[in-house]
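Peer 1: The residues making up each chain are set out below.
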Amino acid sequence: MSAVVKFENVVAVAGSFPVLTGVDVSVQEGEIVLLQGKNGAGKTSFLRACAGLIRINDGSAQVFGFDMRVDRQAPRRYIGLLGHENNLYQDLWAIEHVEFRAVAGGGQKSDAVEALARVGLASRLWSVPISALSAGQRRKVAIASLIANRPRLWLLDEPHAALDAVSRADLNIILKEAVASGATVIFASHEGVLSEELSSRVLTLRGGQVVEDSGAH
Amino acid sequence: MSEVATVAIGWGLTFVVIATYSFWVVRRGRTIGRELGIGEVQQSGQEQESDLSADT
Amino acid sequence: MPESMDDSKMTATPLTRVLGILGIVAGVLMAVLGLFISPPDVVQGEAVRMLYLHVPSIWIAYGSFVLTSVSSLLFLVRSRRREDGGRHYDRLAGSAAEVGVVFTGLTLITGMLWGKVTWGTYWQWDARLTTTVLLFVTYLGYLALRRLPADPIVRGRRAAVMALISFINVPIVHYSVDWWRTLHQKASLSVGRRPEITGEMYWTLLYSALTVTIVGAWLIVHRYRVIRLEEIRDEENLKMLISSRGHERPTGSAADGEVS
Amino acid sequence: MLTEVLLLARKDLRIERRAKVALGQVAPLTLLIVVVFAFALDANAPLLEIGAGGLYWVAVLYGGTLLTQRAFELETEGGNFDDFRMSPIKAHSLFLGKSLGLFIQICVLELVLTPAILLLYEVQVADWWLLTAAGVAGAVAFSVCGVLWGVMAAGLRVRSTLLPLLLIPVLAPILLAGSRAFESALGIRVDAGWSWTSLMFVIAAVHTVVGLAAFGFLLEEN
Chain A
1 MSAVVKFENV VAVAGSFPVL TGVDVSVQEG EIVLLQGKNG AGKTSFLRAC AGLIRINDGS
61 AQVFGFDMRV DRQAPRRYIG LLGHENNLYQ DLWAIEHVEF RAVAGGGQKS DAVEALARVG
121 LASRLWSVPI SALSAGQRRK VAIASLIANR PRLWLLDEPH AALDAVSRAD LNIILKEAVA
181 SGATVIFASH EGVLSEELSS RVLTLRGGQV VEDSGAH
Chain B
1 MSEVATVAIG WGLTFVVIAT YSFWVVRRGR TIGRELGIGE VQQSGQEQES DLSADT
Chain C
1 MPESMDDSKM TATPLTRVLG ILGIVAGVLM AVLGLFISPP DVVQGEAVRM LYLHVPSIWI
61 AYGSFVLTSV SSLLFLVRSR RREDGGRHYD RLAGSAAEVG VVFTGLTLIT GMLWGKVTWG
121 TYWQWDARLT TTVLLFVTYL GYLALRRLPA DPIVRGRRAA VMALISFINV PIVHYSVDWW
181 RTLHQKASLS VGRRPEITGE MYWTLLYSAL TVTIVGAWLI VHRYRVIRLE EIRDEENLKM
241 LISSRGHERP TGSAADGEVS
Chain D
1 MLTEVLLLAR KDLRIERRAK VALGQVAPLT LLIVVVFAFA LDANAPLLEI GAGGLYWVAV
61 LYGGTLLTQR AFELETEGGN FDDFRMSPIK AHSLFLGKSL GLFIQICVLE LVLTPAILLL
121 YEVQVADWWL LTAAGVAGAV AFSVCGVLWG VMAAGLRVRS TLLPLLLIPV LAPILLAGSR
181 AFESALGIRV DAGWSWTSLM FVIAAVHTVV GLAAFGFLLE EN
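Protein chains in written order, with our numbering: chain A, 1 to 217; chain B, 1 to 56; chain C, 1 to 260; chain D, 1 to 222.
Only chain A is shown next, with the shape it has when bound in the complex:
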């Protein structure tokens, strides 16, 4: 097993606000890591730092072995990020959006069909503008966009939000399948039981640091 994410004393600043103030953590391949903590504890920033979307000001950070202070772009092609916001084009149809994301990610249009079917979005909703979908359905479209890209590292910010009970359980199955085929998952969540059932390890963040680690090596 190799370390997918390896952070040592990572400090990151967004604007003029220190979002990470010294994160020490290492995540191995095949782990499902749950990030816990209050709003503003640094969960989203930690995910974005893993994705190479924010600059690391101090410390050392490696993702898939790439030094994130030298090249933040290199590991991105292995990573799928699901943000707070769904990043959807409101005026496109669900299928068009997922097709676009699939092709833009280097895949095929057919991946989109598969992915939408996998998240269980009713096929009559595929050709409806995303702006006409419910919050839960939009979340599914965003998750489908991710599935279509088959990432090796899944970074999910509140993936269960807006989903109903059945879909949540279904998402957990999707993630477990992904991990079974060699992926790694890091996700932030407020949902207690469901997340803990999914995760193999829990990190608690506070003030931009990891203060508790259930699976410290």
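FYI, nobody ran anything at the bench for these hints, they're computed from the structure.
DEER-style ranges, computed between Cβ atoms: (1) D:158 / A:110: 39 to 49 Å; (2) B:31 / A:215: 44 to 54 Å; (3) D:28 / A:8: 56 to 66 Å; (4) A:108 / D:28: 38 to 48 Å; (5) B:4 / D:213: 50 to 60 Å; (6) D:157 / B:37: 28 to 38 Å; (7) C:122 / D:129: 35 to 45 Å; (8) C:144 / D:18: 30 to 40 Å.
EDC-like cross-link-like pairs, simulated, lysine to aspartate or glutamate; straight-line CA separation at most 16 Å: (9) D:20 / A:91; (10) A:6 / A:58; (11) A:109 / D:4.
For each residue, glycine too, the CB sits at the ideal point set by N, CA and C.
Following the hints, complete the assembly by docking chains B, C and D onto the known chain A.
Peer 2: For chains B, C and D alone, coordinates are given in the frame of chain A:
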């Protein structure tokens, strides 16, 4: 407007603009310097200079 | 005077203090020379005295913008190689651009007044005036971009790219405006009326250029140091924030806002 | 790379076809401007005829700035280009794809505006080829500049006010060249219409080179 008046206005405006800008720059430096506590050190001795000089 | 000496202590060093005093003395001398001693022009009369301000101002303005572009380029090169390198180039770019904008503004004011006397109108759609006004607006935009809060390196790089693009754009603007005016010139007012600058007038102009250069340099140095001070302040604040965030109590504190 | 460019442009145009912002909002707005100019100039026919070329390009400038803003708003709605930064699409393709999408929308805008000035300002076309070439040249130059500066402002909070400030000084030469070329094409002035048109192509070329060089950088830094 006579030629002389126009010339006088031009020179006057230029000097006022430069003086105002210089004053603004110096005062801004002074304000921030005081916030940082550099000012207190400065007041004690004339020969003490801000450590910024090393920077240029 | 003692009051302003005291003021300048914050961003002054002995060298710049000498430079500043030199600037003031030279400025007074320049006014005496330009306004009283040098003779009026045969063609332009008293209006020629405006040129002693106008011409050096645009020199300094152009010089500052060149300085901005060069240091922006150096900053891009340096900060790429080393993540936190070359910040002084960024500061230099910012301070030079601001001083450049001030002197471009002065060029426009003096140019318009000069035009009023010589051409009988404040504004001619003359190639140089038009280019200058566009330059003025472009660098105002640059300064606006610099003012936006962001990570210093990110902001510096963004501003540097804009400075370089703007600089590439200057010849395009100049060329098209120039061409426009030469195609449509109707018995131009400016052609053939340029005064012969010789003798005392020549020396006065040269001396004015030197004076304005001193003043410009003094301003750039001080503005540079003020930017440095601003950065130190921001860094101090940041350090404080980092340490206070690191020690947040479990119950949460004031700094517990949603930022991500 | 070409497939990526087309993919992106097609995506933007598909969104436009659904949302109809360019055709349904911006085009009518610029038409309104053309009408309002007539109010401002007291419906003075000779004056409007002389000014037709210039007023046309002022309207394009305004509409084009709005379209540029729109083109980047739809990307930043959900997050600052995060998905593009995460995807393996090259910054070059993104620059060209966005430019192509914007170019086509500006062309549509011009197609709406041209008959409007012909009818409302009572001008005659002296040279259709020149009119077409100048329109295309202006649209190319505009879209390239717009995308280059649009991405610079995209990540910033005050983009809706900052973008026009940054963009319009850069667009000024295009406005100048376009207006002169149109005046020539409309037979208002007889001079170097083709040279002005080529100047716009040169401006487009310069900004394309700069855009290709700087876009990756700008995308990453905002």
